[in-house]
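Residue numbers (the numbering used here), protein chains in the order written: chain A, 28 to 155; chain B, 28 to 155; chain C, 28 to 155; chain D, 28 to 155.
Zero decoy hints are in this set.
The list makes no distinction among identical chains, and a pair is therefore deemed to hold if it is satisfied within one copy or across any two copies.
Computed cross-link-like contacts, EDC-like style, restricted to lysine to aspartate or glutamate with a CA-CA straight-line distance of at most 20 Å:
no., residue 1, residue 2
1, 94, 84
2, 94, 42
3, 100, 33
4, 94, 140
5, 94, 65
6, 133, 84
7, 129, 117
8, 129, 84
9, 76, 42
10, 77, 92
11, 77, 42
12, 77, 62
13, 94, 138
14, 29, 62
15, 133, 92
16, 94, 62
17, 29, 102
Note that these hints are calculated values from the structure, not bench results.
Below, each chain spelled out in residue letters.
4 protein chains.
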Amino acid sequence: MKYTFETTVRGYELDSYGHLNNAVYISYTEQARWEILENAGLLESFLSKKLLLVVTETNIRYMRELKLFDDVKVETQIRFEPPYLIFQHDIINSTDKIKAAKAEVKTLLIDRERIPQDIPEELLAIIN
Amino acid sequence: MKYTFETTVRGYELDSYGHLNNAVYISYTEQARWEILENAGLLESFLSKKLLLVVTETNIRYMRELKLFDDVKVETQIRFEPPYLIFQHDIINSTDKIKAAKAEVKTLLIDRERIPQDIPEELLAIIN
Amino acid sequence: MKYTFETTVRGYELDSYGHLNNAVYISYTEQARWEILENAGLLESFLSKKLLLVVTETNIRYMRELKLFDDVKVETQIRFEPPYLIFQHDIINSTDKIKAAKAEVKTLLIDRERIPQDIPEELLAIIN
Amino acid sequence: MKYTFETTVRGYELDSYGHLNNAVYISYTEQARWEILENAGLLESFLSKKLLLVVTETNIRYMRELKLFDDVKVETQIRFEPPYLIFQHDIINSTDKIKAAKAEVKTLLIDRERIPQDIPEELLAIIN
Numbered sequence: 028m029k030y031t032f033e034t035t036v037r038g039y040e041l042d043s044y045g046h047l048n049n050a051v052y053i054s055y056t057e058q059a060r061w062e063i064l065e066n067a068g069l070l071e072s073f074l075s076k077k078l079l080l081v082v083t084e085t086n087i088r089y090m091r092e093l094k095l096f097d098d099v100k101v102e103t104q105i106r107f108e109p110p111y112l113i114f115q116h117d118i119i120n121s122t123d124k125i126k127a128a129k130a131e132v133k134t135l136l137i138d139r140e141r142i143p144q145d146i147p148e149e150l151l152a153i154i155n
Numbered sequence: 028m029k030y031t032f033e034t035t036v037r038g039y040e041l042d043s044y045g046h047l048n049n050a051v052y053i054s055y056t057e058q059a060r061w062e063i064l065e066n067a068g069l070l071e072s073f074l075s076k077k078l079l080l081v082v083t084e085t086n087i088r089y090m091r092e093l094k095l096f097d098d099v100k101v102e103t104q105i106r107f108e109p110p111y112l113i114f115q116h117d118i119i120n121s122t123d124k125i126k127a128a129k130a131e132v133k134t135l136l137i138d139r140e141r142i143p144q145d146i147p148e149e150l151l152a153i154i155n
Numbered sequence: 028m029k030y031t032f033e034t035t036v037r038g039y040e041l042d043s044y045g046h047l048n049n050a051v052y053i054s055y056t057e058q059a060r061w062e063i064l065e066n067a068g069l070l071e072s073f074l075s076k077k078l079l080l081v082v083t084e085t086n087i088r089y090m091r092e093l094k095l096f097d098d099v100k101v102e103t104q105i106r107f108e109p110p111y112l113i114f115q116h117d118i119i120n121s122t123d124k125i126k127a128a129k130a131e132v133k134t135l136l137i138d139r140e141r142i143p144q145d146i147p148e149e150l151l152a153i154i155n
Numbered sequence: 028m029k030y031t032f033e034t035t036v037r038g039y040e041l042d043s044y045g046h047l048n049n050a051v052y053i054s055y056t057e058q059a060r061w062e063i064l065e066n067a068g069l070l071e072s073f074l075s076k077k078l079l080l081v082v083t084e085t086n087i088r089y090m091r092e093l094k095l096f097d098d099v100k101v102e103t104q105i106r107f108e109p110p111y112l113i114f115q116h117d118i119i120n121s122t123d124k125i126k127a128a129k130a131e132v133k134t135l136l137i138d139r140e141r142i143p144q145d146i147p148e149e150l151l152a153i154i155n
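Kindly produce the complete structure, drawing on both the sequences and the hints.
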């Protein structure tokens, strides 16, 4: 299954060359993951159980620059490689359909003492 | 008394015109306040008592642009106008001593139920 | 006339208290202004003539906190007090219609040598 | 040779869990690279020749969280794998000497038409 987060490049996200700053791509993928958790109804239960999906590794390839007012689509697929939940994000310029970047983000569900926890059924359900 | 926070303008803080982005000035003043609370030994007690110094108003005048690698000094003075604690921040280019901006930030100490709390002695002590 | 910029509060825009960070409100108003310039067809001509709408003063009152996934509307009205163009932004929680903040942002149109320039007809046109 | 950029974790860089936000690590490595270019005396010549060191890939492993007021050291080593200039950044908590993250950032020197350019002697000089 594929999840989509949409946004438009904002003026304050540009670097001094007029391109979307590299770190903001990473932030876009973060928001894609927040939306997936929210849509799966997991955000509140994570908060109440003090669970946290931490990023342990990010690998991002920048393929094309993005500019002010470019419409952007972050398409996400998830796979489970126990104990890791791996998010595959494609960042696409919606206008010309060209892929601007692709990122693989490895995450781990931990509790306050940093002990890895089982991935809840609701989250596994949306993967398949 | 006057408190000083020092920094250097970073590449990722620039806007597409090559100037320090307007919102980052506000962030610099925020960090100046974090340091003042930390130096007064108040951060931990605020956290444990779930107290929060919220900003209710910010007035900032931008006087000169700041550029990459400019050394910057944020000089802060505090005054108490009950129930408000008011921070007067001067943002100064350290190299040429020219004031780049001045901000007045009005804050209120509240608890989790948003009820205004008394300003602790330790904080009043550093004002005078 | 009133201009509207809409967004949803993102996970990476929160501060350590789980509220929208103060500086991000300022960034929202910045994006509202970029959109107004773009919609008036002025962005390209500003770039080619090397004109710049600089902020000389911002006054913002924070009235209510904003939280993750709150839908937000920035409603903007503009007035011309020569030589200043003044943007009045209301930041509204779209769900409960409560105003979260209001900001007045004073701007000046300058060229590369920082000399104030006349406001172009197209921009004056959208004010009235 | 090893280059060091030092900073302290700021309040406005924290996420809603009170940890340094993942994207800010990336920004720290960006600033480390800006400083290396500046120290090599290359920033101005890059600007005047309209050359740009673009990031084509970033691989970052997050090993330990960073918290408010943690002193941080970004240690960078560079190697040249033509046509790529590769930056190896270690992000280290200065207090306990524990590595918080390590990042490998692949860059390419291009001109305005996106044509890869030779790495200038001054930059190669600082690698060896």
